[in-house]
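Asks: Which chain is which? The protein sequence lines are A and B, in order.
Quick note: the first sequence uses the UniProt record's numbering, first residue 1, plus one each step.
Quick note: the second sequence uses the UniProt record's numbering, first residue 1, plus one each step.
To be clear, the hints were calculated from the coordinates, so they are not data collected in a lab.
Predicted model, so just to flag it, every value in this text is computed and none were measured.
Which copy? The list can't say, so a pair holds if one copy fits it or any two copies do.
Subject to a maximum C-alpha distance of 30 angstroms in a straight line, what follows is the list of computed BS3-like cross-link-like pairs (lysine-lysine): (1) 406 / 568; (2) 406 / 201; (3) 568 / 410; (4) 406 / 198; (5) 309 / 407; (6) 568 / 407; (7) 568 / 413; (8) 201 / 220; (9) 410 / 309; (10) 198 / 220; (11) 568 / 309.
Protein chains: 2
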Amino acid sequence: MLRKLNPRRLVECVFPILQWSRHYELRTALGDLIAGVTVALTLIPQSIAYASLAGFEPQYGLYASLVGGFVYGVMGTIPQINIGPTALLSLLTFTYTNGTNPDFAVLLCFVGGVVTLVAGIAQLGFLVDFVSTPVVSGFTSAAAVTIASSQIKGLLGLHFDAETFTSTWRAVFQNVANARLNDTVLGLSCCVLLTGMKALKDIRIEESEDGKCKGRAMVKRGLWAASVSRNALAVVAAAALAFCLHRDKDHPFILTGHITAGLPHPRVPAFQTTVGNGTVYAGGMLAHLGSGLLVVPLVGIISNVAIAKAFSKGKALDATREIVALGLCNIAGSFFNSFPVNGSFTRSAVSDASGVATPAAGFYTGLIVLLTLTLLTPYFYFIPRAALAAVITCAVLHMVDLQIVKKLWKTNKLDLLPLTSTFVSCLVLGIEVGLGCGVAVDVLLLLYYQSRPRLQLRYVQEGSLPPHYQMHPVGGLHFASAERVRSELMALNVGRQTKITRVEVVTPDAILTNGGAGPEPPKLPPNLLIVYCDALSRLDYTFLQSMNMMVEEWSRDGHVIWCGAQPKVREQLEAAIHNPLFCSHDQLSAVLIGLSSVTQVGNVSDTQL
Amino acid sequence: MLRKLNPRRLVECVFPILQWSRHYELRTALGDLIAGVTVALTLIPQSIAYASLAGFEPQYGLYASLVGGFVYGVMGTIPQINIGPTALLSLLTFTYTNGTNPDFAVLLCFVGGVVTLVAGIAQLGFLVDFVSTPVVSGFTSAAAVTIASSQIKGLLGLHFDAETFTSTWRAVFQNVANARLNDTVLGLSCCVLLTGMKALKDIRIEESEDGKCKGRAMVKRGLWAASVSRNALAVVAAAALAFCLHRDKDHPFILTGHITAGLPHPRVPAFQTTVGNGTVYAGGMLAHLGSGLLVVPLVGIISNVAIAKAFSKGKALDATREIVALGLCNIAGSFFNSFPVNGSFTRSAVSDASGVATPAAGFYTGLIVLLTLTLLTPYFYFIPRAALAAVITCAVLHMVDLQIVKKLWKTNKLDLLPLTSTFVSCLVLGIEVGLGCGVAVDVLLLLYYQSRPRLQLRYVQEGSLPPHYQMHPVGGLHFASAERVRSELMALNVGRQTKITRVEVVTPDAILTNGGAGPEPPKLPPNLLIVYCDALSRLDYTFLQSMNMMVEEWSRDGHVIWCGAQPKVREQLEAAIHNPLFCSHDQLSAVLIGLSSVTQVGNVSDTQL
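Here chain A stands alone, though its shape is the one from the complex (with noise of 0.2 angstroms):
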């Protein structure tokens, strides 16, 4: 897209707010403001549970709340997405900033920022490819489990400190004698409210038949306009509930406290700071996070990526454009105390059933959480924690993927491999190295298939040929398969060829292969292989060598022939191989019983006779 260097597309290329805001109309001013303010209820208190999980104070879930809405208005293509904090960073960020400050996450978001910047403008992002669907699958359910087990001490009013899913059920059960009977029903109660709530929406209203009741849409709009406000009505009952019940000093729930009210000052991330007694500098800092800062990055784009795809409906989508987008928000984010944030699906999802229609939707969004800065902060005090807990675990539950395990069964079993290996990977060793290792196991998986390429390995013994092998290898040969090729080709050359299962025998009569009835391949195996180099595209040193070191073998009593290699392939076999034979398919047969009548001279000579 970047080609062209005309000046005007290229500004409307980095910024496609100047391409949508030209026609940019009150009816599409309204769908967005709707949309802005129905994802704020959502995105306020998610936010504040949020800062939360990743172990903050919670206006810093409002902080990193506020910019990602304008940045993403400007650079975005996507209306429905809605960048800010999510379930998965922040429990993200916590492994990695757990025990310092503020500033760590900071610096993360910073850092993160810059490298998502970086490889979205390298267009790195074809490296999200790797990841395969199953692993995905199994790192999202596995955080999901995660964060939900972390919320069992919000929701019983319980007092520990573990960070992995192992540490925390072991501390749930052995403070659970502890539990605080009010945090735990009030607890509870908002986890049924919510449910009950997010169904709502899914109440048929049938329409009447003329379809001019106006009282029933109105019921279903109302509706649905309480299940999408669930989570701010939850956490507004909740507080009131606390405010009632509370004598002076005296709580009923653990509150979430005076929190600092007022805006984020501006200011550029901080490379040093406070910890206990001492002074951490930038790299020391750094150091911390560790291989955070490729995580946090990795794990928000392979996120952003999958929910621009859902909704972009089978428009192009410029993967790079929102890759960078995501980078710029975070560096953004940075410079007003933000911890690193990313699209979120729920709230993309409510921001599409608003009807959403273009970016600005962002803008109105983030105006919202600016108010709610300025003006509210102040009775955050009364939310209670266990309300918060709620919202999250609610929130996080959905993520869990069960239906993938049966699509898995049906489609590919061997993909069941990756997401279970991930899964439990991330629920023992931490949802980082977890993802680490599933990406391996996928890896393994193609390097072992890849290893096992398909040969296509017949005897031929059919019309007025000589009897002989055909190979018809498929895709890119390399070193992965060259050691099992050679090793299976020699094993043909010295009439070891009983072992091999998948050579198929062809007669005049029927193809058939090695299970089957047919005739077994003869005692002498024949002394000529014909590779059809059709499909190659491209061959590697290492599998070049194996082919030498094959072909020289047959060399000694036999032939191999190249049947149909294209210029690029006939060239590497040419600098690689002895003096190959080669041949197109017309001359195949002609080069044959050529080859037949030079070898087997004595039989020639005794037939002649």
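Using the hints, position chain B against chain A.
Replies: This is chain B only, laid out in the frame that chain A set:
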């Protein structure tokens, strides 16, 4: 091989000695004896030198040489292979045990042996195939350069501690002013001598015309013997020189010094040891060895399989058996204070040239090492270190493979990337990390290529069929290529096909690639896509999911037809895609015409009128 449960065959299979010893004749034995002795003449000076390379006293080199010959003689199948200390494994041993004591090396040998054995029994040998030739070559060359660099201090008589390539050269430059004249002269003289003697065996002595002149043949054989035993001769000569020149305690060269005489006491490898003032237990020792427990066996297996392949001379090689034998050599060796051992290419070549016939040669080599340990160790006192450094340097420099650069340039230039990245990262980051980097580059390259499968997209406008796109994908399609294939096909559908350079245009007259002067694809793209599934074997879930998205998009105003799918592929497509259109090759024209008349009803009616 192990499938047939005939006990006698099973035992013979595990101990190949039972097979070949039945036909063991005097003639064979003589060949083995000569080979065994010749190999010992190379092995003994090398093993003393490699012990110092690994950071231990000279007798440890002999301990490491002792057992391999006997065990491989019983378990091995390739007569040429001699298992003992090698430059590569000595360097790796030094890397992982530097600053500790020999107990760590013995434990590394034991655990490495167990890992090798398990890998052999579990048939994990195929993992070696995933290390491509360019990576092995880059690794070996870098190791040779590192080893040669580490010997410079010996050659110049310097004293400093340095482990890596970069730190060694820094130290050499800092200390070069302290170089000892005597040692430098001796070291360089030995290098010149060894290089010259190596060349002796290549001198061509013209055979007299009647072929009966015994004198010339004797000269030729004498030159060859001198060339093969050059290490022993150089070390003995240098030691004699050092003995003649010494005055009481005043030695002109840095010498090997007193070493422990006698055979090693057989004992179970120590699982606890004393370093400095503290005791280190098994956990601590294993933790210190760390990744060495996998890297050392991996390198051992790779080298051994490569050597076995080179000397198997076309006979089918049972890699599993070789790996098992190597593992047992290491395990048995560790009971005699051996550090990790494997096959040496140099010694195997010597053995081959000496006319070895069976693995029994290992017994004779082992016996000579035994005699040496019993009788000769006192005389090792006078061996100058500079001479040993010269032996190592001359032995490893031929491991630097410059030829491969030329070969890669000719066959597959892209393979220069893993080669150079392995070489450079081995030198800069250390050889064990470098090997990992090389494998990672290889895998990334493979993934990159896998993500760009050959699709053979064609726009066909020929005969009576409606214009349509054809795709002939080749090879397995999977997660790495999913996104790319999807986006290309989506782009076709939305009419942006001008961006796709790989579409060929087929007209009644000719097949033209896009770049040619042929007709451009029409502005309105056809709405039919035929995917020829003949060459498809395995589709994974990620790919199927992408195809589902693609088909949904095409189905709005067009059709995707899956032609010639095999039952397995068909089943997968049916499970993943909503109502896929299948047809056999025979049905294709009928289906195409049928679909076209349905979708273009208007046109058809016009024509009919």
